[in-house]
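K.L.:
Turn these sequences into a full structure, and let the hints steer you where they fit.
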Amino acid sequence: MKRLFYVLVALVALLPTNAPGARKIRVVATIPDLADMARHVGGDLVEVTSVATGVEDIHAVQMKPSFAVLLNRTDVVLLLGLEAEHAFLPALLEAARNPKILRDAPGYIDCSVYVTPLEAPTRIDRALGDQHPMGNPHINLDPVLGKAMVRAIADGLSRNFPDDAATFHKNAAAYNATLDEAIARWRREAAPLKGKKLVSYHPDMIYFAERFGMEPFGTIEIRPGVDPTPGHIAELKRRMLKEHVEVVVRERHYPAGLAETIARETGAKLVELPAMTGGVPEARDYISFIDYNVRTMVKAVTGG
Amino acid sequence: MRPRFSIRHGTALLLALLLAVALGATRTEAQGAGEEQVRTELDLLKEQLRRVEQQLKQQEELIRRLSGEKPGGPTPAPPAAPPSAAAPQPAPAVVDEEALKLKILEALQPQLAAANKTFPAQFNPAIGFIVDTVLSFTSRKDQADFQFRSGELGISANVDPFVRAYAILNGTNAGGFDVEEAAIVTTSLPYNLTVKGGRFFADFGRLSKFHDHDLPFVNRPGVLDTYIGGESQSDGLEVSWLAPLDQYLTLTAGAYNKIGASNTRVDNTVPRGLEEFTYLGRASTFFSLTDAQSIDLGVTDAYTPRVRANDGGSRNLAGIDLTYRYTPLAAAAYRGLVWGNEFLLNSERQQTVGASDIGPALFRYRDAFGMYSYLEARLTRRYYPGVLFEWVEDLAHTGRVTNAYSPYFTVWASEFQRLRLQYTHLDAPRQRPEDQFFLQWTIIMGSHVHSFRDR
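Residue numbers (numbering that gives the first Met the number 0), protein chains in the order written: chain A, 0 to 303; chain B, 0 to 454.
If you are wondering where the hints come from, they were derived from the structure by calculation, not from laboratory data. Each hint should be verified, as a subset may be incorrect.
Unchecked claim - Simulated pairs of lysine to any residue, SDA-like, Cα-Cα distance not exceeding 25 Å:
#1 A:LYS23 to B:PRO243
#2 B:LYS195 to B:ASN172
#3 A:LYS268 to B:ALA329
P.N.:
Here it is as C-alpha cells:
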C-alpha cells in the first residue's frame, strides 16, 4: 500500500509538466524587433528568443550551430522576410531539422506579408548588387510598418495556436494602439526632418526616410552589399555638395572611417544609428529603438 | 482629417476623361458624325477638364496647408471644402491610409500568389554556375600554366514535401562533365533525423566537404588530397541525427562504395560484399566561448573492413577537425579571424615488397599522420590575408614527410567575384624544394546558397 502511495505521489508530481498547455509556446525571432513584438502579442503564453542581438548587420548574422538547436526546439520562427535573412536563415532551418518551421509551413511566420515593399526591382541583375527580388527588406525602421508586422505575428501565432487567437489579437491591438500614440508623437517630433536629404551606408534607411519625409539621396556602398570604389566616393561627395545633402547616416554595423570622412568633407552631419532593436543600449525595445532613431536624427538636423 | 477627394482621384478622373475623348474621337470618325457635334462635345469636355484642374489645385493647396502645420501644436480643423461648381464635394471623412493599404493588400495577396504559381518556370530548380580559373607558375619546371580548374553547374530544388535534391556537375581541364554530386536529402523526418542518398561529399572532417572553389586557399591541403582522395565524394547513404540537447551535437553514420573522388584503392563501379564498403561515423559539436568567439570540433572515423588492393586488409582513416572563429557581432562582415585545423591518421596494409619470381608481394600495416593548419584574418569586407601550413607523412613510407607553407591574399570584389594570390613553398621528400605562385579568379553566376556545411 505504501508503495502504491509513493507511485501516486510521483505521478501527481509529474502531472503539471505533462499536462497539455503547461509548456509555453516557443518562439524564435530572427531579430530583436520581432522578439519584442512577439512578447507583446504573446504575453505570458510565449517564451521568445532572438537569433540576432541587434548590433549585427542583418545580412551578415553568423550561422552558429547553437542557433540550429534553438530552431530545432521552437514552435514557430518569426522572420522579417523579403529575403532579409537570406545569409543565414535558410541554412539554419535546414540544419535545425524542424519540419514545423520550414518555409511555407505554418510555423514559418513571415512578418512582411502585410507590407508593401519599396524599391521592388524591375530588373534582377547582379550588376545592381545584392538585390532583394521582392523589395527593400529593412521594414523594421518604419513604425507604421511595425504595426503591420505585429498583425502578421498575431495572425501567425493564431494560425498555429487557434485556441489562443483571441488573446493574440487582443494583445496585438493593444500594442498597436500604443504604437499609434508613439507614431503620432514621432511624426510631430520629426517635423524638422521633412525634405532633408540623407546619404546612408546601405539602402536601409529608405523606410525611415519615407515615413518622416526625408529624401534618400544615395549610399556609400556603390551597390547594395558592394563596398565603394574611390571613384564612387568622389562622385558621391561632388553630388552631395552640389545638392546640399545635410545628413550622412552610418548604420552602426558599418565602418566608421569612411562615413566620417564623407560627412566632414561635405559639411554634412554624421548620424550613427542602429538598424535594429538592441543596436544601442538605449534601444531596449522596439519603441525605444524608433525613439532613439527619431531623436538622434532630429538632434543632428536641428543641431540641438 | 483628410479630404476624401485626393489628387489620385483627380488624376484618375482626368485620365478617364482623356480616354473618353480618345474613344469619342474614334467613334466619331468611325460613324462619320458631323463636326459640329464633335466640337460641342469637345467644348463640354474642355469645360469639365478646366473644373477638374481647378479642383486639383484646390486639393493641392489643402494638402500644402495640412502638411505645413506646426509640430506639437493642436491639430487644426480641416479647412472647409472650397466651393466648386464642378461637382458637390463629398463630406471629408477620416481615412486611415495605412489601414486602407493593408486591406487592399490583403485582398490582392491571393491573386498575386496565384499569378506567381501559374508561371511554369517557377518550378525550375535554382541554377548557379561557377567559373574557377588559375594561373600557376612552378619553379621546378620553370613553367607557367593557365588552368581552367572548373566550370561548375549547381542546381537545387525541393522535390516534394519530403525531400529536396541538388546536383553539382563539373567540367574541368581534363575534359567532359562529371557528376560531382547528385543527392537526395530528406527534409521532414521525425526525431531530428536526416537521410542523404546518391553521390555526395561524405561527412568526413571539414574541408573535404568543400568544393575546390569554396576553399579558403587555392589548393586543397595535401593531407586531404593524399589521405582522403581530394573531396570526400562518395556514392552511398548517410544518416545524421541532431541530438535533442542544449549543446549542439550531431552524429552521422554512413555507408559508401568508397570515400574520395581520387581514391583509387576501390573501384566505384563494381558490386562488392558488405565488408568492402566504407563505413563512417562522425560526431561534431560547437562551443560558444563568447558572443564573438567559438570553436567547432569534430571527430570522424572511416573504416573499410576489406580493401582488395591492400591484399584484403582493412583500412582505417580517423580525423579530428578543430576550427576557432573570432567574429565580432557588430562587424561580422568587416572583421574576423578563422583558425582551422585538421589532423588525420591513416592505417592500412601497404605493399612493402613487390611480387617477384621468388615470392608474392609482402604487405604490412603502416600508420601515417598528416595535418594542416591555417589562419585567416578578415581585415575588411574585401581583404582576407592568410597563411596555410601543411605537414603530411607519406602513406607508404613512415618518416617521409612533405611540408609546405602558403601565404595568400584574397580579395573579394563582391560576394560573387574573388581574386586570390598565393605563394607556396613545397618541400617534398627526394625532391628539390619548389616555389609555386598562383593567381586565382573565381566567379559565381546565378543562384548561390550559403550552405551550413560550408561555414
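K.L.:
Determine for every hint whether it applies to the structure shown.
P.N.:
Outcome of the hint check:
{"no.": "1", "hint": "A:LYS23 to B:PRO243", "in the structure": "holds, 18 Å"}
{"no.": "2", "hint": "B:LYS195 to B:ASN172", "in the structure": "violated, 30 Å"}
{"no.": "3", "hint": "A:LYS268 to B:ALA329", "in the structure": "holds, 22 Å"}
Hint check: a violation occurs at hint 2 only; the rest are consistent with the structure.
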